[in-house]
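Asks: Whole structure, please, built from the sequences with the hints as guidance.
One-letter residues, chain by chain:
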Amino acid sequence: MTMGYVREIRGQLLPMYPIYVEGPTGKSDVYVAYIDTGFTGHLILPKTIRQELELEYQMAIDAKFANLEIEEVATYRATVFWGDGWRDVTVLETGDRPLIGMELLRDSSLSFDAIDRGPIEIQPLKPTSD
Amino acid sequence: MTRHRNPTEEEIRLATDRAKSHYFDDIQHQLTEADKGRYVAIDGKSLEWEIGDTDDVSEVLRARVPDAVIFQLRHIIMVSEYIGAVPAEFEQIIRDEEQRLRADRIGFPTHQLADRREEFGR
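Note that the protein sequences, when read in sequence, are chains A and B.
If you read the first sequence in this note's numbering, its first letter stands for residue 818, the second for the next number, and so on.
If you read the second sequence in this note's numbering, its first letter stands for residue 166, the second for the next number, and so on.
Simulated from the structure, these hints should not be mistaken for lab results.
Check each hint, because a few of them may be wrong.
As the list claims (entries may be wrong) - Taking CB as the label site, the calculated pair distances span:
hint, chain 1, residue 1, chain 2, residue 2, range
1, A, 849, B, 190, 37 to 47 Å
2, B, 260, A, 839, 41 to 51 Å
3, A, 940, B, 178, 34 to 44 Å
Computed from a predicted structure; not experimentally measured.
We treat Cβ as the ideally placed atom computed from N, Cα and C, and that holds for glycine.
Replies: Okay, structure coming up:
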């Protein structure tokens, strides 16, 4: 099972989680992403990683940032290994670190200990039976 | 699915500007209030467009126009993703939820809070 860790760096706690990302040409790598529950999409990657993976352009969209600015952001398609299988995801190209958003966490349980080296666990939720 | 050539940043910028102009000048006048929040994908080169209930609508347009340089928006709302921001359309829902949480004091051990108040003479 993939496991992430909260790391305390200069007094700030950062939820870091490894993610395996593959592009359409087969180029792939593991990146350490921050979990950002304030981001509604799947995954954010910086331009350098998008270029490394030779991701395929999808479209441009408007995104609203925490400073309330609305900016055009290019989106790309990628495949990630998530939970126990592969998933096609939309990647937003922006910023300088990979971010995992709520759409990738959909139907999962997220738990972490908010201390340095505290474990982060993401588990797929089993469908409940009535 | 066949792989298409990635457009350059300049091509994306020009296509996005054209697509937005086409939305404001033409498409939005063809849509109604009932379409609010639906996804609109516009090819900034051919100005062909599609509307749908999910963000897969860009794929429908790409199937029809394989080399499309697409800008996708949500009718009236415009914004497709939020990065640390709250969707404006949710503000009333969030305010109502905050009020409910305050009223119910969910998550607060009220009896303990009362004890602490007594302890500190408040």
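Asks: Now, for every hint given, state plainly whether the structure supports it.
Replies: Hint-by-hint comparison with the structure:
1. The supplied range of 37 to 47 Å is met by residue 849 (chain A) and residue 190 (chain B), whose beta-carbon atoms lie about 45 Å from each other.
2. Separation of residue 260 (chain B) from residue 839 (chain A) is about 42 Å and conforms to the stated range, judged on CB atoms against 41 to 51 Å.
3. In this structure, residue 940 (chain A) and residue 178 (chain B) meet the distance hint of 34 to 44 Å, their C-beta atoms being roughly 41 Å apart.
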